[in-house]
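Colleague: Start from chain B and add chain W according to the hints.
If you want the building blocks of each chain, they are given just below.
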Amino acid sequence: MQAFSKKTARALGFLTLLFAPVAAAEEANDCLSCHGEEGLTLTLENGEEAPLFVKQDALAGSVHKALRCTDCHAGQNQVPHPERHYKDLAQFRNSFSETCKTCHFENYTKTLDSVHYAMQARGDVFAPNCVKCHGAHDIARPAEPRTRISQTCATCHRQVSETYAKSVHGKALLIEKNPDVPVCTDCHRSHDIADPKNRAWLMSTPSLCGKCHADAKLMKKYGLSTNVLSSYLSDFHGTTASFDAKGERTKDEPVVALCVDCHGIHDIAKVTGQSAAAFRANLVKTCAKCHEGASENFPAAWLSHYEPSLKRAPLVYLVKLFYRIIIPFIVGGLILQILLHLWRSVVNR
Amino acid sequence: MNTPKDDVVRFDMRDRVEHLLVMIIFFLLALTGLPQKFHDAAISKTIVDALGGIAQVRFLHRAAGVLFAIMTLIHLVTVLGRVLTGRSSLAMVPGAKDFRDVVTTLRYYLRISDTRAQFDRFDYKEKFEYWGIVFGGIIMITTGFALLYPIEATRFLPGQIIPAAKVAHGSEGLMAFLVVILWHIYNVVFAPEVFPGSKTIFTGKISRERMRHEHPLEYARMFPEEANEILGQHAAEPVPKQDG
Numbered sequence: 001m002q003a004f005s006k007k008t009a010r011a012l013g014f015l016t017l018l019f020a021p022v023a024a025a026e027e028a029n030d031c032l033s034c035h036g037e038e039g040l041t042l043t044l045e046n047g048e049e050a051p052l053f054v055k056q057d058a059l060a061g062s063v064h065k066a067l068r069c070t071d072c073h074a075g076q077n078q079v080p081h082p083e084r085h086y087k088d089l090a091q092f093r094n095s096f097s098e099t100c101k102t103c104h105f106e107n108y109t110k111t112l113d114s115v116h117y118a119m120q121a122r123g124d125v126f127a128p129n130c131v132k133c134h135g136a137h138d139i140a141r142p143a144e145p146r147t148r149i150s151q152t153c154a155t156c157h158r159q160v161s162e163t164y165a166k167s168v169h170g171k172a173l174l175i176e177k178n179p180d181v182p183v184c185t186d187c188h189r190s191h192d193i194a195d196p197k198n199r200a201w202l203m204s205t206p207s208l209c210g211k212c213h214a215d216a217k218l219m220k221k222y223g224l225s226t227n228v229l230s231s232y233l234s235d236f237h238g239t240t241a242s243f244d245a246k247g248e249r250t251k252d253e254p255v256v257a258l259c260v261d262c263h264g265i266h267d268i269a270k271v272t273g274q275s276a277a278a279f280r281a282n283l284v285k286t287c288a289k290c291h292e293g294a295s296e297n298f299p300a301a302w303l304s305h306y307e308p309s310l311k312r313a314p315l316v317y318l319v320k321l322f323y324r325i326i327i328p329f330i331v332g333g334l335i336l337q338i339l340l341h342l343w344r345s346v347v348n349r
Numbered sequence: 001m002n003t004p005k006d007d008v009v010r011f012d013m014r015d016r017v018e019h020l021l022v023m024i025i026f027f028l029l030a031l032t033g034l035p036q037k038f039h040d041a042a043i044s045k046t047i048v049d050a051l052g053g054i055a056q057v058r059f060l061h062r063a064a065g066v067l068f069a070i071m072t073l074i075h076l077v078t079v080l081g082r083v084l085t086g087r088s089s090l091a092m093v094p095g096a097k098d099f100r101d102v103v104t105t106l107r108y109y110l111r112i113s114d115t116r117a118q119f120d121r122f123d124y125k126e127k128f129e130y131w132g133i134v135f136g137g138i139i140m141i142t143t144g145f146a147l148l149y150p151i152e153a154t155r156f157l158p159g160q161i162i163p164a165a166k167v168a169h170g171s172e173g174l175m176a177f178l179v180v181i182l183w184h185i186y187n188v189v190f191a192p193e194v195f196p197g198s199k200t201i202f203t204g205k206i207s208r209e210r211m212r213h214e215h216p217l218e219y220a221r222m223f224p225e226e227a228n229e230i231l232g233q234h235a236a237e238p239v240p241k242q243d244g
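As you go down the protein sequences, you meet chains B and W in turn. Oh and the first sequence: position 265 is 265 in our numbering, straight run, nothing missing. Oh and the second sequence: position 67 is 67 in our numbering, straight run, nothing missing.
Think of the hints as simulated: they come from the structure by calculation, not from any bench. Don't take every hint at face value.
Listed below are several chain W residues computed to face chain B (Cβ distance under 8 Å; list not exhaustive) [said to hold, decoys possible]:
1. Arg14
2. His39
3. Ile54
4. Arg107
5. Tyr109
6. Thr154
7. Trp183
8. Ala191
Below, a list of computed lysine-lysine pairs in the DSS-like style, where the Cα atoms sit at most 30 Å apart [claimed, not checked]:
9. B/Lys289 / W/Lys37
10. B/Lys285 / W/Lys37
11. W/Lys45 / B/Lys197
12. B/Lys221 / B/Lys289
13. B/Lys211 / B/Lys221
14. B/Lys320 / W/Lys45
15. B/Lys211 / W/Lys37
16. W/Lys45 / B/Lys289
17. B/Lys110 / B/Lys221
18. W/Lys127 / B/Lys211
19. W/Lys199 / B/Lys320
20. W/Lys127 / B/Lys320
21. B/Lys166 / B/Lys221
22. W/Lys45 / B/Lys311
23. B/Lys197 / B/Lys101
By construction, the Cβ of each residue, glycine as well, lies at the ideal position given by its N, Cα and C atoms.
If we strip away everything but chain W, and leave its shape as in the complex, we get:
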């Protein structure tokens, strides 16, 4: 059914490389960070020893953290530049429709209604994860640098910001880890619709079938000849104009 001819491009090379790098760095940060947070656990000792001791683990964590900070900076600067020059869509910006979509989806899950939310380029789950990693990332980067340079950080700020940064860094990191491990991995690997896993973020391609199912509003814009067929059945949402 899904012949390559049927595929459409969803992510360009830049998105794919960015995701791959973030994925590797995130894994490395979690691997070297969580054993420091849960230093009492037996598995933490095993991991730290396997990586060559706590000094080595900290070095890896800091190196990965600095890389992550650089990547975040590059990402934000490029996105901002593209938005300002009108070369980027604002598809990732959350709007009122996303909140309506949450309600529609929950009503659907609870069998209150059989109407499914119709998503555009990014559904609310994707937006939640994107903004989660942006804001979470900013928290991790600022607290991480405060912990890396405590003397400089407390030159003008009160000393208390260091233990506060430590709590925030550990807790935010744990939350990010849990969100990714549970929510992201479920949505892209274990959810019945995509099991045994969607390869879209690695190949950049998605089948028309899945596209029609998961992003009908964007699909309708891509293939206007099918728009009525797809949206006709639901017609709950008008086809929005393409932004940007």
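Next comes chain B alone, as it looks inside the complex:
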């Protein structure tokens, strides 16, 4: 269901742009005659004070600068305003999300599936809603510049954001201003942010990482192998994960190692160059997280995303080669015998 498509919203916005500026400015002056007064508040049912003050030219820098006050604050064009009742500040704030829905229906609907909306539904005052992330009157394009996205999330997720800033992705974004690396929303999505502990979301992480790490064009730029996803999927962990992603699993079953279990989540580091040694030294510990009692030999059981070769994993390479020869030889020979036998049987008749 979709009451307003993006297109309709854009068309409406365009019409408003054509006719509105003069009228909008006039209306704003009317509203600001009261709302321009600092300290103007509304007392809510539980005694909390809701601020009603709006700065002069509040919309000037916003993407909505051509809109009238009443386009968002619908039903408020009579003075005095019709009486409204809000239980508390949380309810008052969340009522604005309902306003955004009028035009941004698609994204609004997505938020209903998000972990943030679940907080809202529980009545959490700190739960993010539309305006908490996007701003209210000063609303600007959320991804311009791209670094802004991580800053927005950092408002609440301070610790995670600091960890991310030190990661290979975070450093590239914040220091090199590299637009290729993922920001928060590339992995967590923006409106339908899932609970990171949600099993379905966790199981989708290989394809999530694969979006970039299996992209040949992008990886070539950084000299990275696109083999990482396929080599993961064809090994024990990846096979389990790919089957798991479909079926429903029992609770007592351990979750299989995903990309993040070895590479980290927000603290993903390079596994080549300087940090490679540290990563390798830590491997036994990493494996032992699940494989209790793993010895120093154990990490080599995983070929580190490499294709077996005479140099890297000679035993695996030779076993593979042996069967690549013997299977066609044996099976082909038997099929040939079957065909000859059939032929001779026909001839005998």
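Modeller: Showing chain W alone in chain B's frame:
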């Protein structure tokens, strides 16, 4: 023509039960193993979902594998014991005659000659399958246990044996599956001589007619009065003495 009176016993109860169990376990192992090897195929997802998910599939595969290992062990120990105490024939042991039989049979198939190889209790195809499942089984069991207990397996051995065991287990399993599906099923179900399928391994009985045709050397020993009649026409091979 084939009245029951005409039947002779080819396999005793132990052989029949063993074959039946191996058949069921082999089917179960292939059903739960191949979808893991070919995890990308759509049919694999269907099979895994139908069996209750990958964890369930792995449990079934391991349980069947352990059963197969136990059966193989029992088989080898009993056979060895019987051979050592002289209670078993060595009819399954391949010899030079089997290689001559391959050549004779191929010459016959290619119409170079009209002479057919005369087989004893087991022909070279049966021996090939028997030793295939014994040696293939040993490979499957050792690699299977390495994959089931990777921590224990790599305590003293290099880590690389795990991916090597995985390649060997998957490839050997695929080869065994193909050999059984193509070769064994053809020989016992679709070959014109036996179509629509030989029941001998299930009933233990074979008709004298088929016995005379497929295992003339053994037949000649069973019915010496007919020996000259059967072997006279070919006389290529002397009637060997019964071993064991």
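Colleague: Run every hint past the structure and note whether it holds.
Modeller: Hints, verified against the model:
1. Arg14: Check failed: Cβ of W/Arg14 comes no nearer than 28 Å to chain B, outside 8 Å.
2. His39: 5 Å, holds
3. Ile54: 4 Å, holds
4. Arg107: With Cβ-Cβ at 11 Å, over 8 Å, it is violated.
5. Tyr109: With a closest approach of 4 Å, the W/Tyr109 hint holds.
6. Thr154: 4 Å, holds
7. Trp183: With a minimum Cβ separation of about 4 Å from chain B (threshold 8 Å), the hint on W/Trp183 holds.
8. Ala191: 7 Å, holds
9. B/Lys289 / W/Lys37: Measuring from Cα to Cα gives roughly 26 Å; hence the hint holds.
10. B/Lys285 / W/Lys37: 29 Å, holds
11. W/Lys45 / B/Lys197: 25 Å, holds
12. B/Lys221 / B/Lys289: 33 Å, violated
13. B/Lys211 / B/Lys221: 15 Å, holds
14. B/Lys320 / W/Lys45: Holds: B/Lys320 and W/Lys45 sit about 25 Å apart, inside 30 Å.
15. B/Lys211 / W/Lys37: 24 Å, holds
16. W/Lys45 / B/Lys289: Distance of about 29 Å is within 30 Å: holds.
17. B/Lys110 / B/Lys221: The hint is violated at about 34 Å.
18. W/Lys127 / B/Lys211: Distance of about 52 Å is beyond 30 Å: violated.
19. W/Lys199 / B/Lys320: 38 Å, violated
20. W/Lys127 / B/Lys320: OK: W/Lys127 and B/Lys320 at ~27 Å, within 30 Å.
21. B/Lys166 / B/Lys221: Judged against 30 Å, a Cα distance of about 22 Å means the pair holds.
22. W/Lys45 / B/Lys311: Violated, because 35 Å separates the two Cα atoms, which is more than 30 Å.
23. B/Lys197 / B/Lys101: 28 Å, holds
Comparing the model with each numbered hint stated earlier shows that hints 1, 4, 12, 17, 18, 19, 22 do not hold.
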